[in-house]
Amino acid sequence: DAKTTQPPSMDCAEGRAANLPCNHSTISGNEYVYWYRQIHSQGPQYIIHGLKNNETNEMASLIITEDRKSSTLILPHATLRDTAVYYCIVRAPMGFNKFYFGSGTKLNVKP
Amino acid sequence: DAGVTQSPTHLIKTRGQHVTLRCSPISGHKSVSWYQQVLGQGPQFIFQYYEKEERGRGNFPDRFSARQFPNYSSELNVNALLLGDSALYLCASSLDSQETQYFGPGTRLLVL
Numbered sequence: 001d002a003k004t005t006q007p008p009s010m011d012c013a014e015g016r017a018a019n020l021p022c023n024h025s026t027i028s029g030n031e032y033v034y035w036y037r038q039i040h041s042q043g044p045q046y047i048i049h050g051l052k053n054n055e056t057n058e059m060a061s062l063i064i065t066e067d068r069k070s071s072t073l074i075l076p077h078a079t080l081r082d083t084a085v086y087y088c089i090v091r092a093p094m095g096f097n098k099f100y101f102g103s104g105t106k107l108n109v110k111p
Numbered sequence: 112d113a114g115v116t117q118s119p120t121h122l123i124k125t126r127g128q129h130v131t132l133r134c135s136p137i138s139g140h141k142s143v144s145w146y147q148q149v150l151g152q153g154p155q156f157i158f159q160y161y162e163k164e165e166r167g168r169g170n171f172p173d174r175f176s177a178r179q180f181p182n183y184s185s186e187l188n189v190n191a192l193l194l195g196d197s198a199l200y201l202c203a204s205s206l207d208s209q210e211t212q213y214f215g216p217g218t219r220l221l222v223l
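Chains as they are written, first to last, in my numbering: chain B, 1 to 111; chain W, 112 to 223.
Since the hints were derived computationally from the structure, they do not count as laboratory data. Accuracy of the hints is not assured; some may be wrong.
[Stated by the list, open to error] Here are the computed lysine to any residue pairs in the SDA-like style, where the Cα-Cα straight-line distance is at most 20 Å:
(1) B:K106 / B:T72
(2) B:K98 / W:T211
(3) B:K106 / W:Q152
[Stated by the list, open to error] Not the full set, but computed from the structure, chain B residues with beta-carbon under 7 Å of chain W:
(4) C12
(5) G29
(6) Y32
(7) G43
(8) P44
(9) K98
(10) S103
(11) G104
Beta carbons are placed, not taken as given, at the ideal position from N, Cα and C, and that holds for glycine.
Chain B with its partners taken away, still in its complex shape (with noise of 0.2 Å):
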């Protein structure tokens, strides 16, 4: 599975967009790419993934380039409630399903 590089910390202030880059350069045409947050101490949390087309969700959007080697969650409006750890992933739909999680982006989301 292709290896991702996110930013360490972000901060985002509360009722704006948070937009978290995710770059995945060596993707392969096949792998898809996911998003799950972590909020302290809790189980990941599924957001939303993608191959190509960018996807809108209840939670987020992801915004994927069109040579696939990176791409954007956005959260359209941050609430204090989605401050957490969250973790770009690619993986092919192929084999087992080990997720590599990597060390992940954590949004500060501030008043």
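Following the hints, put chain W in place on chain B, whose structure we already have.
For chain W alone, coordinates are given in the frame of chain B:
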């Protein structure tokens, strides 16, 4: 619908002891994966089971073992505990071996 459940929530053991952690997947999910998360790091993959067979194993010693039961619940066993085994142990379930994984709240193990 109930999510992934894990038991116990917290556990304290001493070096050399054995521990068994339990996981019940989301109803209808046939695959369970186990992860270890040491403080300050991201989760590290230990095992994946699908239809009661081991489908994948991470870089962990043989002291770590697991199994999946006919009802798709799973146990993670760790023998001869070391101080370094202190961590949050996470279970994740998925419909099959390749679908999105959903995580439980974890079991926090402290080895003294």
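Verification of the supplied hints:
Note on B:K106 and B:T72: the hinted pairing holds, with a Cα-Cα distance of about 15 Å set against a maximum of 20 Å. For the proposed pair B:K98 and W:T211, the alpha carbon gap of about 11 Å is at most 20 Å, so the pair holds. Restraint check: the Cα-Cα separation between B:K106 and W:Q152 comes to about 12 Å, which is no more than 20 Å; the hinted pair holds. Residue-level restraint check for B:C12 is violated (minimum Cβ-Cβ distance to chain W is 21 Å; threshold 7 Å).
About 16 Å separates the beta-carbon of B:G29 from the nearest beta-carbon of chain W, more than 7 Å, and the hint is not met. Residue-level restraint check for B:Y32 is violated (minimum Cβ-Cβ distance to chain W is 9 Å; threshold 7 Å). For B:G43, the suggested interface contact is upheld, since its CB lies about 4 Å from the closest CB of chain W, less than 7 Å. Restraint check, B:P44 versus chain W: the minimum CB separation of about 5 Å is within 7 Å; hint holds.
Look at B:K98: its Cβ gets to within about 5 Å of chain W, closer than 7 Å, so that hint holds up. The beta carbon of B:S103 comes within 6 Å of a beta carbon in chain W, closer than 7 Å, and the hint placing it at the interface holds. For B:G104, the shortest C-beta to C-beta distance to chain W is roughly 6 Å, which falls under 7 Å, so the interface hint holds.
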